[in-house]
Amino acid sequence: MSKVEIAIRFASLFGAACFVLGLHFMNSPATARRGNQLSAFGMFVAIVAVLIGVGDGQGAAHMNATRWGVLAAGILIGGAYGLYSARTVQMTNMPQLVSLFNAVGGGAAALIAITDYHLDSHLPAGTATATVLDIVIGGVTFSGSVLAALKLQGYLSKPVSFPGSRLASGIVAIAAVGGSIWIVAGAHNQVVLLGVVVAAVLFGVLMVLPIGGADMPVVISLLNAFTGTAVAMAGFVLGNATLVIAGALVGASGSILTKLMADAMNRSVVNIIAGGFGTGAVGTDAVEGAGGPVKSIAVDDAALQLAYASKVIIVPGYGLAAAQAQHELRELGEVLESRGVEVSYAIHPVAGRMPGHMNVLLAEANVPYDQLKEMDEINSEFERTDVALVVGANDVTNPAARRPGNAVSGMPILNVDHAKSIIVVKRSMASGYAGIDNELYTDPKTSMFFTDAKKGLASLVAATKTLVG
Amino acid sequence: MTGSFVGDMTIFILALLVGFEVISKVPATLHTPLMSGANSIHGVVLVGVIILAGYVHGVLGYVLTFIAAAFGAANVVGGYAVTDRMLQMFRRRPVPAAAAKEDVK
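Protein chains in written order, with my numbering: chain A, 1 to 469; chain B, 1 to 105.
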């Protein structure tokens with residue numbers, strides 16, 4: 001081992017240690033940003049070290065002008081695109097961008113194995129196994145994440161299923177597995193490899209196609225874990241420990257995060273991937289109490305109720321994020337506070353489009369951090385609340401979740417129905433992704449303010465301001 | 001089965017366990033930044049692309065390397081940048097929030 005090689009090994013070890021410590025620092029809001037910066041610094045060191053390494057001609061590697069040119073062009077173009085989109089993306093569209101970065105990461109991991117096989121198909125069984133796993137997982141992640149990003153962007157937001165889709169998934173899966181076994185057994189054939197790539201990409205599409213927009217966060221998190229695993233496999237292919245460590249870290253953390261998210265929605269990951277509600281063991285009985293009379297309310301009355309309350313809890317949900325109405329919501333909160341109303345925000349763990357997304361959106365709109373309350377913290381406060389204002393949240397407020405035997409049973413909910421009165425800002429009576437009626441809407445204490453969240457909140461702000469105060 | 005493969009497997013399993021251990025205590029508030037942060041860490045795939053670039057030849061090899069390098073770089077640069085933007089908003093919160101409240105009153 002030359003001195004340069006030893007130095008590079010140590011630099012890579014330093015980078016890997018930074019990833020672990022960086023993730024550890026992300027346990028608390030106070031240290032999270034430093035954690036991410038430490039992780040980024042470790043990444044920078046690891047990348048510079050390996051650049052020096054290949055320049056120095058480590059192993060059999062030899063860089064020439066063409067190779068440097070291709071590498072530099074790719075890094076500059078990809079890096080510039082990444083930086084530009086990260087800087088300019090609106091925070092409501094951030095989940096799509098994360099999904100897109102995940103897609104390219106998985107794609108790059110798959111390309112490493114493809115290129116490696118293209119260079120030399122005579123691999124030992126262990127490396128060949130890693131190669132096909134990298135290609136299959138990376139390929140599924142790439143197409144699945146691109147489709148997930150498109151769904152979040154609003155294209156194909158409805159679950160798509162067609163007759164025979166399960167059969168098609170089965171055929172594609174068999175093709176991928178069969179081709180993979182053939183390669184490990186020693187096909188030495190690039191056409192077989194191409195077949196595996198195509199099958200994996202198709203499988204990713206078929207997997208995400210039938211999943212609804214509201215389940216996308218769990219899917220993206222799962223795909224994130226997949227990419228980590230694919231990168232670890234790329235590490236096996238190249239015999240590089242940094243890739244193995246970082247990939248395994250992300251694979252493990254992504255899996256845990258996926259489970260946390262699915263738990264918060266009272267769904268199993270298998271249930272989500274298998275597609276849609278009603279396919280699981282949960283029976284869907286007729287929900288009693290639903291279908292009763294619905295009371296609607298005009299903007300002036302709603303404003304009056306809010307302005308003369310002493311304690312208001314705002315419950316923001318997916319609809320708020322979709323309508324990008326977080327700034328109007330913050331303005332309403334400020335107007336009410338200036339009138340002496342005590343305002344706080346109840347954040348359900350899966351509010352928004354990703355877990356924790358609502359906190360990011362409200363933080364961006366300058367809602368004071370201390371007003372954002374997590375579910376366990378605020379649930380006992382609803383009883384002392386004059387008005388609970390629900391904006392674009394649905395299933396997470398449905399009292400039916402406390403009873404067994406329906407699609408939301410057992411899901412942790414916000415105790416909105418304990419408030420003295422409830423105003424729901426919503427476009428229609430349409431049900432949430434659980435597909436059942438929300439009993440909260442027919443509660444005698446509830447008034448429905450049918451409108452778009454952004455327009456509705458703006459008109460509420462205007463109406464509240466004109467009240468004598 | 002080579003010695004280095006067994007070594008990589010050892011590292012893989014241990015890193016998985018570290019990953020489970022480090023993540024399991026994160027509050028829900030930070031789930032989105034965490035997912036984004038983990039997302040940038042797998043941008044380390046760029047290191048693999050750079051290693052591979054020393055071996056490729058032929059038009060197909062160059063094209064594949066170019067795409068892989070662009071993908072990896074977008075993942076790593078964009079991932080860290082967008083995570084930092086998110087966390088920056090979290091971090092600033094307590095102080096200016098209190099100041100803003102004073103202004104209203």
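Hint data in this document are derived by calculation from the structure and do not stem from the laboratory. Cβ atoms here follow ideal geometry from the backbone N, Cα and C, with glycine treated the same way. Treat each hint with caution, since some may be false.
Restraint-style ranges between C-beta atoms, simulated for each label pair [to be verified]:
1. A:52 <-> B:60: 26 to 32 Å
2. B:59 <-> A:428: 51 to 57 Å
3. A:30 <-> B:24: 45 to 51 Å
4. B:20 <-> A:466: 37 to 43 Å
5. B:59 <-> A:21: 32 to 38 Å
6. A:48 <-> B:60: 26 to 32 Å
Covered, in the sense of this in silico footprint (three residues per stretch, anywhere, with C-beta under 8 Å from a C-beta of chain A), are these stretches of chain B [unchecked claim]:
7. 17-24
8. 37-50
9. 58-71
10. 79-89
A quick look at each hint next to the structure:
At roughly 28 Å, the beta carbons of residue 52 of chain A and residue 60 of chain B sit within the given window of 26 to 32 Å. The hint said 51 to 57 Å for the Cβ distance between residue 59 of chain B and residue 428 of chain A, and at roughly 55 Å that hint holds. For residue 30 of chain A and residue 24 of chain B, the hinted distance range of 45 to 51 Å is not satisfied, since their beta carbons lie about 19 Å from each other. Checking the proposed 37 to 43 Å range against residue 20 of chain B and residue 466 of chain A shows it is violated: the Cβ atoms sit about 55 Å from each other.
For the pair residue 59 of chain B and residue 21 of chain A, the supplied restraint of 32 to 38 Å is violated, since their beta-carbon distance comes to about 42 Å. At about 28 Å, the CB distance of residue 48 of chain A to residue 60 of chain B agrees with the hint of 26 to 32 Å. By the rule of at least three residues with a Cβ nearer than 8 Å to a Cβ of chain A, the coverage given for the stretch 17-24 of chain B holds, with 7 such residues. With 14 residues having a beta carbon nearer than 8 Å to a beta carbon of chain A, the stretch 37-50 of chain B meets the requirement of three or more and the stated coverage holds.
Only when three residues or more bring their CB closer than 8 Å to a CB of chain A does the claim for the stretch 58-71 of chain B stand; here the count is 11, and the claim holds. Using a Cβ-Cβ cut-off of 8 Å, 11 residues of the stretch 79-89 of chain B lie near chain A, which meets the minimum of three, so the contact claim holds.
Going down the numbered hints, you'll see the structure goes against 3, 4, 5, while the others check out.
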